[in-house]
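**Student:** Kindly generate the complete structure, drawing on both the sequences and the hints.
First residue of the sequence shown: 112, per the working numbering; consecutive thereafter.
These aren't lab readings, by the way, just hints derived from the structure by calculation. Using N, Cα and C, we set each Cβ at its ideal position, and we do this for glycine too. Please note: incorrect hints may appear among the correct ones.
Said to hold, decoys possible - Pairs of lysine to aspartate or glutamate residues, derived as EDC-like cross-links and limited to a Cα-Cα distance of at most 16 Å, are as follows:
id	residue 1	residue 2
1	K180	E212
2	K180	D205
3	K223	D202
4	K180	D202
Claimed, not checked - Okay, the calculated beta carbon distance ranges per label pair:
id	residue 1	residue 2	range
5	K151	L222	38 to 46 Å
6	D184	F143	31 to 39 Å
7	F190	D217	29 to 37 Å
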Amino acid sequence: MRPDNETCVQRARFFFYFFEKKDWEPGEYPPFKDILKVKKVEPEAVRNLNRFLNIRLERIASMMEVLMKAHEDWAVTGFKDHILMETESFDFNDAVAVLKENGFSDHEFILKVEYTRLWGVL
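**Tutor:** Here's what the structure looks like:
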């Protein structure tokens, strides 16, 4: 969005899901595959889930820190399966660029951008 555009407000919403990933990287293994709907869950499957969650939650915390250092006006809400960070005062292009500069990729978060029209401005 152009910074001088005064006809709408942009809301950038970053979703950081704890468990779900749509695209698994080569070499990655879905941690719930050996746990959910399995009659005999092995201890190693639980350890794999533990390793996955430790790494995933650390990555989420690091992404949150990067975004909070780049801009201070965030609404951060925790849910049982994800963290939501949203702002109306930081352009999503700049936010994504900051994340990429710090080594994060698109598959680690979900970004939704909403635009609200400011009534009375043509």
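**Student:** Against this structure, judge whether each hint is valid.
**Tutor:** Evaluation of the provided hints:
no. : hint                    : in the structure
1   : K180 / E212             : 13 Å, holds
2   : K180 / D205             : 13 Å, holds
3   : K223 / D202             : 12 Å, holds
4   : K180 / D202             : 14 Å, holds
5   : K151 / L222: 38 to 46 Å : 39 Å, holds
6   : D184 / F143: 31 to 39 Å : 36 Å, holds
7   : F190 / D217: 29 to 37 Å : 21 Å, violated
Hint compliance for this structure: hint 7 is the single one not met.
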